[in-house]
Amino acid sequence: MTAGESGEEESGVRGEDEEPGGSRAEEKRASVEARRPEAILKYEDMAAKHRSKGTTPATKFLGCF
1075 MTAGESGEEE SGVRGEDEEP GGSRAEEKRA SVEARRPEAI LKYEDMAAKH RSKGTTPATK
1135 FLGCF
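Numbering (the working numbering), first residue to last: 1075 to 1139.
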């Protein structure tokens, strides 16, 4: 069974007939992946700070606004 028959697509392989606009998506994906470890460190530091103080982070009232 090939990848097409099982419903899975090969990732990272672009065919010749695809538009060149996919490079912008690849750039955005790369930038997001580069920022992810920074965000994880930020939240781990924040969690450690709250654990050391014995507090919980403040929740915003009506956080959707």
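Worth flagging that the hints you see were computed from the coordinates, not collected in a lab.
Take these hints with a grain of salt, some might be off.
In the SDA-like style, the derived pairs of lysine to any residue whose C-alpha atoms are separated by at most 20 angstroms in a straight line are [stated by the list, open to error]: (1) 1123 / 1111; (2) 1127 / 1111; (3) 1116 / 1100; (4) 1116 / 1098; (5) 1134 / 1117; (6) 1123 / 1108; (7) 1123 / 1134; (8) 1102 / 1114.
Since this is a predicted model, take the numbers as computed values, not measurements.
Hints versus structure:
no., hint, result
1, 1123 / 1111, "18 angstroms, holds"
2, 1127 / 1111, "24 angstroms, violated"
3, 1116 / 1100, "25 angstroms, violated"
4, 1116 / 1098, "27 angstroms, violated"
5, 1134 / 1117, "17 angstroms, holds"
6, 1123 / 1108, "24 angstroms, violated"
7, 1123 / 1134, "19 angstroms, holds"
8, 1102 / 1114, "18 angstroms, holds"
Hint check: violations occur at hints 2, 3, 4, 6; the rest are consistent with the structure.
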